[in-house]
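Q: Chains C and H supply the protein sequences, listed in that same order. Under this note's numbering, the first residue of the first sequence carries the number -18, and numbering increases by one thereafter. Under this note's numbering, the first residue of the second sequence carries the number -18, and numbering increases by one thereafter.
Treat each hint with caution, since some may be false.
With a straight-line Cα cutoff of 25 Å, these simulated PhoX-like cross-link-like pairs (lysine-lysine) come out [stated by the list, open to error]: (1) H:K371 with H:K355; (2) H:K130 with C:K198; (3) H:K222 with C:K222; (4) C:K222 with H:K53; (5) H:K249 with H:K264; (6) H:K53 with C:K201; (7) C:K428 with C:K361; (8) C:K316 with H:K428; (9) C:K4 with H:K198; (10) H:K222 with C:K4; (11) H:K327 with C:K299; (12) C:K198 with H:K10; (13) C:K447 with H:K10; (14) H:K249 with C:K447; (15) C:K6 with H:K198; (16) C:K299 with C:K4; (17) C:K249 with H:K327; (18) C:K299 with C:K222; (19) C:K198 with C:K233.
Derived contacts from chain C toward chain H, CB cut-off under 10 Å, selection only [what the hints assert, rightly or not]: (20) S(-4); (21) K6; (22) D8; (23) Q113; (24) G136; (25) G298; (26) A303; (27) L304; (28) K320; (29) L325; (30) K327.
Derived from the structure by calculation, the hints contain no laboratory data. Bear in mind that the values here come from a model prediction, so they are computed numbers and not experimental data. Positions of the beta carbon are idealized from the N, C-alpha and C atoms, including for glycine.
Number of protein chains: 2
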Amino acid sequence: MFNYSLTYTDLYQLSMAQVYFLKGKADEKAVFDYYFRKIPYQGGYAIFAGLQDFLKQLEQLSFSDEDLDYLKTQDFEDSFLEYLRDFQFKGNIRACREGEVVFSTAPILQVEASLIEAQLIETILLNLLNFQTLVATKASRIRLIAKDKTLLDFGLRRAQGPGGYYASKAAVIGGFNGTSNVVVGRDFKIPISGTMAHSFIQSYDSELEAFRDFALKRPKNCVLLVDTYDTLNSGVPNAIKVAKEMEERGNKLLAIRLDSGDLAYFAKESRKQLDAAGLSYVKIAASNQLDEYVIKSLQEQNASIDIYGVGTNLVIGKPDGALDGVYKLAYAAGKPRIKLSESLAKTTIPHVKQVFRTYDTNGQFNGADAIALKNEDQPKQIHHPSEPFKKMNVENFEQEPLLHLVMENGQNLTTNSSLEEIANFSKSRLALLPLEYKRFDNPHIYKVGISDALKQERDRLINAHKS
Amino acid sequence: MFNYSLTYTDLYQLSMAQVYFLKGKADEKAVFDYYFRKIPYQGGYAIFAGLQDFLKQLEQLSFSDEDLDYLKTQDFEDSFLEYLRDFQFKGNIRACREGEVVFSTAPILQVEASLIEAQLIETILLNLLNFQTLVATKASRIRLIAKDKTLLDFGLRRAQGPGGYYASKAAVIGGFNGTSNVVVGRDFKIPISGTMAHSFIQSYDSELEAFRDFALKRPKNCVLLVDTYDTLNSGVPNAIKVAKEMEERGNKLLAIRLDSGDLAYFAKESRKQLDAAGLSYVKIAASNQLDEYVIKSLQEQNASIDIYGVGTNLVIGKPDGALDGVYKLAYAAGKPRIKLSESLAKTTIPHVKQVFRTYDTNGQFNGADAIALKNEDQPKQIHHPSEPFKKMNVENFEQEPLLHLVMENGQNLTTNSSLEEIANFSKSRLALLPLEYKRFDNPHIYKVGISDALKQERDRLINAHKS
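Using the sequences provided together with the hints, build the complete structure.
A: Encoded structure:
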């Protein structure tokens, strides 16, 4: 739906690019890492999402005449603008598979391209991957708690403008079953759902008449909203009447929906009324400010809810609202590069790299990822990147490289996976992560360390800059 | 940049529309209110933004063949899909002016259209207005604290996907001076700014060489980023050398930028070094996790910062992330409509309405907005909408109606105001709001009440539904 333009970027990318161009550095090769520093929601893991959209956008990114005319008004040189006219990304990208379980510090994706190319795609890369990873991670937390209940995204109205498009999509990667968002259903083949608002019932003089018309004219997957006036004395009894009438026509009411009040209480009482009327097949859907904590509480109360509709908290990734993903130069002009900081934790990790995941003897994730030089063998021990005396032996664990070539010379190498395939992959990976990393309160910290060789190189660069 | 499709909506809008259509209610008139319940950021006011974009989208909204083909797979009836093929919004809209200072409960906008039209535009309306109002309000809080300092939006990389487009724009309505977001600069004629990232400096063997090349090839509005290796011992001294070289070429360094560490301390020390070198004209820009509270603290410390670059916290409207704006049916089929709730505060206010703002004798906002029936004269007293015994006399205050006709039969009546005009209007309105409503901690609560006539009507409907 949305085609990004190359002007969907920060001005400084273009300013830097002009300097590189005019100084003859246009073709100088560089390597950038994409990673994040802090796992969102004080959680123990994140779900990497957005890769396929990013690669798709990369293949079509260019500057339009309108863009170039505009840039001419912003003090760019003609020769540079002519260069931009033919600009296309022709670099290489290595990345984790979309849906992978990822942790802070280790590169999730590496871009290897000319300095200009790598710089011009930075903002779009961060914009797309940060947000989708944030939402997929939120969705995955909700899925963990909701077990096999149906999870639907209802968030579009409170989403951050057109950001809602990717939110509904990323939610499915994290384990949601469907969305109310029609265009996303169309574009990504996601099941869509939703039936009526309170306004529908209000527009009739009688709630019963409103239910009747709806069941008659939209009988498939019919869900009746029962809390417009009085849930237990009006909404549910009227829904039961209409469900019985539907039975006579050979239809079945799918569910009633609760959207206010104490959901645990109203669900329990509604369930009783439905069961007493012989409508045990009619499901109960609930919505209203849900998130993983409210759903956890409802589940703990055995709240008779079969379908959760989650809105705002999901699509804006509340409370974080943003993943702090960054894009840092690791290699340029034939040399590894570093950025220092007052704290070692914010000092970057230089060089072209590979990330290894370690496995225990049961084939579960072993609680440690190893960042190594790209051409290194599997690392034997890893060092904590900011606490110099913390080490861990990883020699005897099975290891798997996580970064795979996904784009070569600007060509997308990934097969166009369906969203369902990505979601299934994510689910299978999350199944390998032990429970202690998944709990909401103070999850166990997954270790991410650097190899001997990488540590040596990093220490060397730190010392060189300090002297 | 983004053209919304009418499928950028919740499925239930289409489900309800089909029932209205098949039951012959397609042309039944309805009135919906747009308002919010909770002022964001625990603040005392909000800035209404997004109206112009919304009206522009409304004029072009339709269903494409692709949309209709997709809907056919979702159990919609052919006759209804044929109706949608020619669908265009032809209703009327009354709204506050964009940039207006607004409060909870009172309608900011009213849609008067057929039930189907009003329903089909709901999701896009909420999606656009909620988000822009959220960000404009955030920007306005930052502007209040930053006084006449320059405020720049740097948030695109952490924005919620394409939501970043409207975020950068709404920030200007709230008082920001510019953005790093190039496409928004192009589309809305906003000043754009930004110079270099750490990667630019890292890509050179020497920080000084990097600064030199940049100053030479991008001399206008040149800002040097001084914290890549060591701010006070390397970054600032190198910037001073390059500033002097620029002077020899007749150029002037605009600013240095700090992006880490204790900004108050580094700004003060940098200022000393710059002044000692005779570079008192060189400004200091600061960025890194800023929001209104951090800037308040920096201002209180006289931190020598001239330019604030605000990113994530602005563009995602942190910590709220969403405005809880709703769209409620107030009138349909010739009758006022109400939705009850367990609490009076969530019970809707029925009828076609007007909102009056009251003024004190100095021409300042008087701390009370009055919601009245549309055709009523100026109300004499107002009642708290959820605390029955609270009343206020407003008879002797000058009053101004806030809802103006902005769209008639689908035609946009607003002149296409520039963003600057909207921002200026907003500034002039905010100047009329007394300080006690603007403070961050426990701001005074602006009263919003309903007129005698409206209260009578509402009570009548509540009682009718209860019996």
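Q: Take the hints in turn and mark each one as holding or not.
A: Hint-by-hint comparison with the structure:
1. H:K371 with H:K355: With Cα atoms ~23 Å apart, K371 of chain H and K355 of chain H stay inside 25 Å; holds.
2. H:K130 with C:K198: Violated, at roughly 59 Å.
3. H:K222 with C:K222: At roughly 84 Å apart (the allowed maximum being 25 Å), K222 of chain C and K222 of chain H break the hint.
4. C:K222 with H:K53: The hint is violated at about 30 Å.
5. H:K249 with H:K264: holds (12 Å)
6. H:K53 with C:K201: Answer holds: K53 of chain H to K201 of chain C is near 14 Å, not above 25 Å.
7. C:K428 with C:K361: holds (15 Å)
8. C:K316 with H:K428: Answer violated: K316 of chain C to K428 of chain H is near 64 Å, above 25 Å.
9. C:K4 with H:K198: Answer holds: K4 of chain C to K198 of chain H is near 8 Å, not above 25 Å.
10. H:K222 with C:K4: holds (20 Å)
11. H:K327 with C:K299: Satisfied, since the Cα-Cα distance of roughly 23 Å is no more than 25 Å.
12. C:K198 with H:K10: Measuring from Cα to Cα gives roughly 20 Å; hence the hint holds.
13. C:K447 with H:K10: Not OK: K447 of chain C and K10 of chain H at ~74 Å, beyond 25 Å, violated.
14. H:K249 with C:K447: Holds, at roughly 24 Å.
15. C:K6 with H:K198: holds (13 Å)
16. C:K299 with C:K4: violated (44 Å)
17. C:K249 with H:K327: holds (23 Å)
18. C:K299 with C:K222: Violated - the C-alpha atoms of K222 of chain C and K299 of chain C are around 39 Å apart, more than 25 Å.
19. C:K198 with C:K233: holds (13 Å)
20. S(-4): This interface hint holds because 5 Å falls under the 10 Å limit.
21. K6: holds (8 Å)
22. D8: violated (13 Å)
23. Q113: Check passed: Cβ of Q113 of chain C comes within 7 Å of chain H, closer than 10 Å.
24. G136: holds (9 Å)
25. G298: G298 of chain C check passes; min Cβ-Cβ to chain H is 8 Å, inside 10 Å.
26. A303: holds (4 Å)
27. L304: It holds, given that the least Cβ distance between L304 of chain C and chain H is near 8 Å, below 10 Å.
28. K320: holds (5 Å)
29. L325: Not OK, violated: L325 of chain C not within 10 Å of chain H, min 14 Å.
30. K327: holds (7 Å)
Violated hints, in rising order: 2, 3, 4, 8, 13, 16, 18, 22, 29; the structure is consistent with all others.
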